[in-house]
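> What follows is each chain in one-letter form.
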Amino acid sequence: MSTTAPRPAAARLSNGEAIADLARAEEGLISRRIFADPEVYALEQERIFARGWFFIGHESEIPEPGDLVTRSAGIDPVILVRDDEGEVRVFLNSCRHRGMRVCRTDRENASFLRCPYHGWAYKNDGRLMTAAAEEHYEDGELDKEELGLIPVAKLGSYQGLIFASWDAEAPSLDDFLGDMKYYLDIIVGRTGGVEVLGPPQVWDVETGWKYATDNFTDNFHVFSAHHSLVELGMLPNDPDFAAHGHMIVAEEGHILHLTPGAPNEHYSHMGLPQELRAQMAEHLDPDQVEMARKTAYSAGTVWPNFHWLQLMSSGTIGQPDVPFLNFRLEVPISPTRTRMWSWLAVDKDASPEYRKATYETYVRTFGPAGIYDQDDMENWEDCTRASLGPAAKQHTLHHKMGIGRAVDETWPGPGRAYKDSYGEMTQRSWYAAWRTYMSREHRADVAGELRS
Amino acid sequence: MSALGTAILPNTEEYGRVLEFLHHEAELLDTYRFAEWLELFAPEIEYTMPVRTTQFLTDGEGFHESGFFVDDHATLMTRVKRLETEFAWAETPPSRTRHFVSNLRLERSAAGPELEARIGFMVTRTRQDLDYQLFTGVRRDLLVPDGDAFKVRRRTILVDQTVITATNLSVLF
Ligand code: FES
Ligand SMILES: [Fe+2]
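Those protein sequences? They're chains A and B, same order as listed. For what it's worth, our numbering labels the leading residue of the first sequence as 448, then goes sequentially. For what it's worth, our numbering labels the leading residue of the second sequence as -16, then goes sequentially.
Honestly, the hints are just simulated from the structure, not real lab data. Hints are not guaranteed to be accurate.
[Stated by the list, open to error] Here are the simulated DSBU-like cross-link-like pairs (lysine-lysine), alpha carbons at most 35 angstroms apart as the crow flies:
(1) 628(A) <-> 601(A)
(2) 570(A) <-> 840(A)
(3) 741(A) <-> 64(B)
(4) 866(A) <-> 795(A)
(5) 741(A) <-> 847(A)
(6) 591(A) <-> 628(A)
(7) 741(A) <-> 840(A)
(8) 134(B) <-> 803(A)
(9) 803(A) <-> 64(B)
From just these sequences and the hints, can you work out the full model?
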């Protein structure tokens, strides 16, 4: 007896448009409708945010038992906590009784979480310890064993990065990351681990979330969007300066760029200090070390909305570029509003001098006040505003660059690699994964399609 | 605020000069005279805006080492020069801002001639055809006498928001 259900027809919007037609990724034609439309957003909640894997935080944010921070998993509010036994857990931040937010700070240290509404109290491993007015329940009315905080369905961490999913049928984190682990190792495993410095910057941008996502895998906006820095001599006056290197399309929609800088020692090994460069051979294989050596700039996306930016920049005219590693997450709040989260990470073995330099460089150049980043948000917001009307929604955006470019068969790493860092194959791959999540009703079909 | 400082009251000439200095600075920012604004800072200026989180009061006011701004004179100069290019898109075309300063509490620092000022601020910003973005908080300025006016040697911008509800922080404080 076959238990395999027939594949359902692709999801359609109420106007009859098929989801598959909204993201014609292979042709580089993406409908403007998907960026700020309430109906698309509603479907994304079920099809993406209830089923994907999402970045929650970094282990270094909760080093001690009882440490917790409040975050989102997908778009649901969660508590990320290290329990008294040292285990990392993620729970819906909502009381089992009436749904009150149990933890109402951004960070604290707590053995117990007491709900303000009626006083139910939970241990930091999620168990309900005491309810309110317990003696007024009859036998069988209050099963405390069954009433712990609601955990995510799946939880995992890789190199200190904590991810969770609400879908019990999602692949394991290990399978989900797949090929991408090889490249994550170059960024967060190259010296045996990184940690984040301080709480993240958080700010709300009036953009559909995917305009931000699209920008995190886009090298060739830099010369125009950040042209003020070219004018100041802080970026090369060469439209092709970030055009070289490779773009890689991995399983499950993960994507990245590995881009060289100027051909000199300063820009090799992602610009890291010599003592950190020297550690790479211990932690990476020779091909990975060679990739690191050739790279100055790398942007990567763990599908859909977690990004790293490993960049080099300067906050001061005339001063040399300094590297930094930035983690980014965009969490939609509405079809046209997105909460941006941004962390600065540094190799655990970094010197105090390098920590200071990399942190200052990051804050001055990226994040909401960064002299680069502030112009990016301007683009996402105005793209969003121009995508709201019924006329705009009948048209597509243009993502065709490099559509005919062949895979570089000589690339030693996993995934499909394409020469050069200017091209829209990473975006096309992202939108193809979006289409798969949005149009496949069964979770197994999502994973199947994303690995084929 | 230094516990040993001496309060300078609103009915003094010195308080009036500080207030005039703060109003002058606000006017420079709101009329796009950024290079003149930069002249108000001492070469050793430390200009910071820490990240804030929601915490229990017993855990402090929620300000952290990580920040939204960590600037010195050279990086402020870079910001100003950037605004003077035609390509700083976050401010091209420019926002309209209004810098309000109030609730000035002033003390002479125990150590020397510097004045420590706590200043309530409100900055409104609108750009293109868009709604207002609002920034409020307290500034802690360390002012060094400079003739009849002052130079700002340290500015700590303590925002009220934990989540900045603005496109970006391309406005100056
Ligand atoms: S809602 Fe939490 S105890 Fe009632
Ligand atoms: Fe950018």
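> Give a verdict on every hint.
Going down the list of hints, with the structure as the test:
1. 628(A) <-> 601(A): holds (18 angstroms)
2. 570(A) <-> 840(A): Outside the cut-off at roughly 49 angstroms; violated.
3. 741(A) <-> 64(B): holds (32 angstroms)
4. 866(A) <-> 795(A): holds (32 angstroms)
5. 741(A) <-> 847(A): holds (27 angstroms)
6. 591(A) <-> 628(A): Violated. Residue 591(A) to residue 628(A) sits at ~40 angstroms, over the 35 angstroms cutoff.
7. 741(A) <-> 840(A): violated (41 angstroms)
8. 134(B) <-> 803(A): At roughly 26 angstroms apart (the allowed maximum being 35 angstroms), residue 803(A) and residue 134(B) satisfy the hint.
9. 803(A) <-> 64(B): holds (24 angstroms)
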